[in-house]
Amino acid sequence: MSEPIISVQDVSVRFHRSRRHRSIRDLVFRGQGGVRAGEFWGLRHISFDVQPGEAIGVVGRNGQGKSTLLKTIAGVLIPDEGRAVVNGGVAPLIEITGGFVGDLTVRDNIYLAAGLHGMSKKQIAASFDEIVEFAEIEDFVDTPYKHLSSGMKVRVAFSVVSRLNEPIMLVDEVLAVGDRAFRDKCFERIDEMLSEGRTLFMVSHSEANLTRFCTRGLYLREGQLVHDGPIAEVVEKYFSESGDEAALRRRHERRMRRMRRRGLLGDEDDDEDDEDDDTDGLRSVV
Amino acid sequence: MVDSSYTRSPWARVRAIWGARRIFLLLVRRDLKVRYANSVLGYVWTVLDPLLMSLVYWAVFTMLFARDVPGDDPYIVFLLAGMLPWQWFNSTVSQSAKALRSSSRLIRSTNLPREIWVLRVVASNAVEYLFALPVLAGFLIAFQVPLHWNMLYTLPLAFVIMAVLLCGIGLALSVLTVLVPDLNRVVAIFLRLFFYASPVLYSTTRLPEEIRWVYVANPVSDILQLFRSGIFPHYLNWLHVGYAAAVSVVVLALGWWIFARLERTVLKEL
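Those sequence lines, one after another, are chains V and C.
Sequential numbering of the first sequence, starting at 0, is according to numbering that gives the first Met the number 0.
Sequential numbering of the second sequence, starting at 0, is according to numbering that gives the first Met the number 0.
It is worth saying that the hints were derived from the structure and are not from the lab.
Since we're looking at a predicted model, the values are computed, not measured.
Some hints could be false.
[As the list claims (entries may be wrong)] Label pairs and their computed distance ranges (CB to CB):
1) C/Arg28 <-> V/Asp141: 15 to 21 Å
2) V/Asp138 <-> C/Ala245: 54 to 60 Å
3) V/Asp141 <-> C/Leu51: 30 to 36 Å
[What the hints assert, rightly or not] In the DMTMM-like style, the derived pairs of lysine to aspartate or glutamate whose C-alpha atoms are separated by at most 25 Å in a straight line are:
4) C/Lys32 <-> V/Asp107
5) V/Lys236 <-> V/Asp9
6) C/Lys267 <-> V/Glu38
7) V/Lys145 <-> C/Asp30
8) C/Lys32 <-> V/Asp141
9) C/Lys32 <-> V/Asp102
10) V/Lys121 <-> C/Asp30
11) C/Lys267 <-> V/Asp9
12) C/Lys267 <-> V/Glu80
13) C/Lys267 <-> V/Glu221
[Said to hold, decoys possible] Residues from chain C that keep clear of chain V, each with C-beta distances beyond 10 Å, as calculated:
14) Leu26
15) Val33
16) Ala36
17) Val43
18) Leu51
19) Met62
20) Arg104
21) Ser108
22) Leu146
23) Leu154
24) Val186
25) Ala187
26) Phe193
27) Pro207
28) Tyr214
29) Trp255
C-beta: ideal position from N, C-alpha, C; glycine also.
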């Protein structure tokens with residue numbers, strides 16, 4: 000097989016449960032180290048390689064590390080251990096409206112956002128019409144961005160980022176926005192990019208989307224990679240483990256309650272229903 | 000190629016920043032564009048702001064304390080020559096303290112060397128400084144103040160030392176304020192203090208001997224003197240310039256080191 004385009008090697012990311020974190024002095028002078036009180040691993044020992052042209056779907060329940068993994072690959076988060084090596088540019092369809100400024104016109108914004116992602120002026124000029132047409136905002140090109148409706152904003156952003164000439168696409172649930180017609184267009188665009196041989200990395204809860212675009216699946220649970228295989232197999236495993244809907248919801252809610260309490264109280268595992276008045280969380284954990 | 004492992008050598012960081020220079024320029028241009036997009040007067044404010052501010056101080060000191068104007072003559076020129084670089088310093092420090100937070104959405108969606116978000120603040124304020132220089136030139140002409148030829152190198156030198164110092168302060172502050180938001184308030188108060196502890200409004204030659212060392216030790220003060228020495232050459236003191244340059248380089252190294260150490264933690268907080 001050829002050189003992997005993405006190589007994730009034993010990546011771990013540590014997060015804080017409570018608002019309080021270690022003192023600055025600690026961070027500056029010690030830096031490394033294991034998990035301390037009030038911390039947990041958002042990702043733990045994740046390793047995998049991705050070949051060019053693969054389409055990968057990441058599944059897992061909320062808070063199990065999917066977005067963290069995507070961010071690590073996008074390079075906007077630095078792992079605490081291990082490394083993520085990405086051989087090529089990334090078109091991150093995460094927080095796509097991030098590069099846009101409300102006070103400038105749509106035209107200025109398209110140039111700026113595309114430029115920020117590394118396109119040259121000439122390239123942007125060449126695909127400018129295409130971008131505008133795809134977003135269906137021909138009449139608003141000289142309107143300040145802040146005056147667009149929220150759906151239109153996302154449309155502009157998606158059409159800019161999806162026009163980037165990068166070999167890797169990261170997609171994090173952006174497809175949930177926009178009206179149906181536009182969503183279909185987005186799907187077509189993704190299909191098109193896939194057929195051009197680009198690599199897709201997608202986070203989704205929708206079985207339909209996953210099986211439509213992806214060939215390989217990664218299943219994350221509690222920050223660990225529990226299954227890596229053909230998408231059908233991974234989706235099957237994910238949904239069977241999640242159980243039927245009622246059980247799923249119950250478990251989810253219980254989990255949320257526990258997380259909430261942990262977040263505020265830092266308690267490990269007793270099951271009483273104290274409410275959130277303890278603010279000095281870190282101290283109570285040992 | 001992106002290698003998002005933690006340990007990056009200083010050299011790799013410099014290379015990464017150099018690689019992103021085009022985007023950096025784009026950001027600086029965007030900053031200026033945004034600044035001017037929303038106001039009616041636009042560029043005029045760059046000139047008007049320090050001008051009005053100086054006029055206020057000029058009025059106070061030449062009218063209220065007419066006997067004892069605290070700077071060289073013409074006082075308005077003396078004032079502007081210090082006020083413009085001070086404004087650069089002031090706005091850069093206060094903006095870079097918020098640099099990472101205010102562009103957090105961009106930071107979360109683009110993979111650029113994170114130093115850029117601070118450097119762009121330094122740069123766009125430096126451009127503002129340069130844009131405001133015509134005001135000073137106007138007064139120089141109006142008062143027919145002779146320029147000293149040493150301006151040819153003192154001004155660029157002062158500019159460079161100031162930029163280095165600001166990069167250092169900015170890099171350190173940008174990450175520290177994310178982790179300790181209270182610092183923002185401390186910074187505001189320190190800037191006010193620094194304004195009076197630096198010879199913006201007055202000349203150090205008027206100060207009692209005993210406290211002059213404070214001004215020599217304060218690198219901002221030395222840099223301001225250097226900025227002025229093209230117009231008032233008696234302020235030029237190479238020893239002080241050398242000291243300010245050395246301090247600035249140390250601050251840059253330290254600031255960058257702090258930035259590099261805290262970068263990973265800060266990214267999780269944004």
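Consistency of the hints with the structure:
no.	hint	result
1	C/Arg28 <-> V/Asp141: 15 to 21 Å	holds, 19 Å
2	V/Asp138 <-> C/Ala245: 54 to 60 Å	holds, 59 Å
3	V/Asp141 <-> C/Leu51: 30 to 36 Å	holds, 33 Å
4	C/Lys32 <-> V/Asp107	holds, 10 Å
5	V/Lys236 <-> V/Asp9	holds, 23 Å
6	C/Lys267 <-> V/Glu38	holds, 13 Å
7	V/Lys145 <-> C/Asp30	holds, 17 Å
8	C/Lys32 <-> V/Asp141	holds, 15 Å
9	C/Lys32 <-> V/Asp102	holds, 10 Å
10	V/Lys121 <-> C/Asp30	holds, 21 Å
11	C/Lys267 <-> V/Asp9	holds, 19 Å
12	C/Lys267 <-> V/Glu80	holds, 14 Å
13	C/Lys267 <-> V/Glu221	holds, 18 Å
14	Leu26	violated, 7 Å
15	Val33	violated, 6 Å
16	Ala36	violated, 5 Å
17	Val43	holds, 18 Å
18	Leu51	holds, 24 Å
19	Met62	holds, 40 Å
20	Arg104	violated, 4 Å
21	Ser108	violated, 4 Å
22	Leu146	holds, 39 Å
23	Leu154	holds, 32 Å
24	Val186	holds, 15 Å
25	Ala187	holds, 20 Å
26	Phe193	holds, 22 Å
27	Pro207	holds, 38 Å
28	Tyr214	holds, 30 Å
29	Trp255	holds, 13 Å
Checked against the numbered hints listed earlier, the structure breaks hints 14, 15, 16, 20 and 21; every other hint is satisfied.
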